[in-house]
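K.L.:
One-letter residues, chain by chain:
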Amino acid sequence: GQNIDQPTEMTATEGAIVQINCTYQTSGFNGLFWYQQHAGEAPTFLSYNVLDGLEEKGRFSSFLSRSKGYSYLLLKELQMKDSASYLCAVWFFQKLVFGTGTRLLVSP
Amino acid sequence: DAMVIQNPRYQVTQFGKPVTLSCSQTLNHNVMYWYQQKSSQAPKLLFHYYDKDFNNEADTPDNFQSRRPNTSFCFLDIRSPGLGDAAMYLCATSRGGGASSGANVLTFGAGSRLTVL
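If you read the protein sequences in the order shown, they are chains A and B. The opening position of the first sequence corresponds to residue 5 in our numbering, with each subsequent residue numbered one higher. The opening position of the second sequence corresponds to residue 27 in our numbering, with each subsequent residue numbered one higher.
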């Protein structure tokens, strides 16, 4: 199977920076995606990486190292509304496979 | 706004009573997906259509069927729902068409939450 590993839960304070890591098996890899999912809602797309390096989109950045099977999502200037689950998803062999997600709790 | 719309948002059914969930899209995307997501778990792909080509996941139970009568609509039929089928069902679409990551960005509907009594 396609094992995608992320920490189950993380906590951080408002205004801080948090990094959520994701590791995956490399065979069949064709892109890595990050989605945000608030409780009871559908996932919403945040960013994707196909090539190695950093992609920046406002307060969110995502990094990829294909040789290491590793990615991270960096969230800056955390806001309370950033409390959500963050799903790492990998495009394997023509389909998107999700990790179980990291629940981020932002406190005042 | 172009979007993915799922109906109903909430569905309550009895054990064994068939259910149909619908999904429509105005994005004119080629690919439509159905995911099942149980509480605190990852979305799990059930099947997807690339245009009219149906692709079933190997571990999707026979109890789950799908139809795509045209580009805009896709249905999920659960023939005999069991208690274990209670979940959020997510429809998603993508442009498809190759390794370009833009083509593979999934746009999700709001989901249909199924309760089985």
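One thing to keep in mind: the hints can contain errors.
List time: in silico DSS-like cross-link candidates among lysine-lysine, alpha-carbon distance up to 25 Å [said to hold, decoys possible]:
(1) 99(A) x 43(B)
(2) 64(B) x 85(A)
(3) 85(A) x 72(A)
(4) 99(A) x 72(A)
(5) 72(A) x 64(B)
(6) 43(B) x 70(B)
(7) 80(A) x 99(A)
(8) 78(B) x 99(A)
(9) 43(B) x 64(B)
(10) 61(A) x 72(A)
Derived by calculation from the structure, the hints in this document are not laboratory data.
K.L.:
Indicate, hint by hint, whether the structure satisfies it.
P.N.:
Hint-by-hint comparison with the structure:
With a C-alpha separation of about 31 Å, the suggested pairing of residue 99(A) with residue 43(B) is violated against the 25 Å cut-off. Of the pairs offered as hints, the one joining residue 64(B) and residue 85(A) holds, with about 23 Å between alpha carbons and a cut-off of 25 Å not exceeded. Distance hint between residue 85(A) and residue 72(A) is unfulfilled; the C-alpha atoms sit about 32 Å from each other, more than 25 Å. For the given pair, residue 99(A) sits about 21 Å from residue 72(A) by alpha-carbon distance, which is consistent with the 25 Å threshold.
Of the supplied pair hints, the one linking residue 72(A) and residue 64(B) is violated, its CA atoms being roughly 30 Å apart against a limit of 25 Å. For the proposed pair residue 43(B) and residue 70(B), the alpha carbon gap of about 23 Å is at most 25 Å, so the pair holds. Between residue 80(A) and residue 99(A) the alpha-carbon distance is near 30 Å, which puts this suggested pair outside the 25 Å criterion. Taking the CA atoms of residue 78(B) and residue 99(A), the gap is near 16 Å; set against the 25 Å cutoff, the hint holds.
For the suggested pair residue 43(B) and residue 64(B), the alpha carbons sit about 20 Å apart, so the restraint of at most 25 Å is met. At most 25 Å may separate the alpha-carbon atoms for a hinted pair to count; residue 61(A) and residue 72(A) meet this at roughly 23 Å.
Checked against the numbered hints above, the structure violates hints 1, 3, 5 and 7; every other hint is satisfied.
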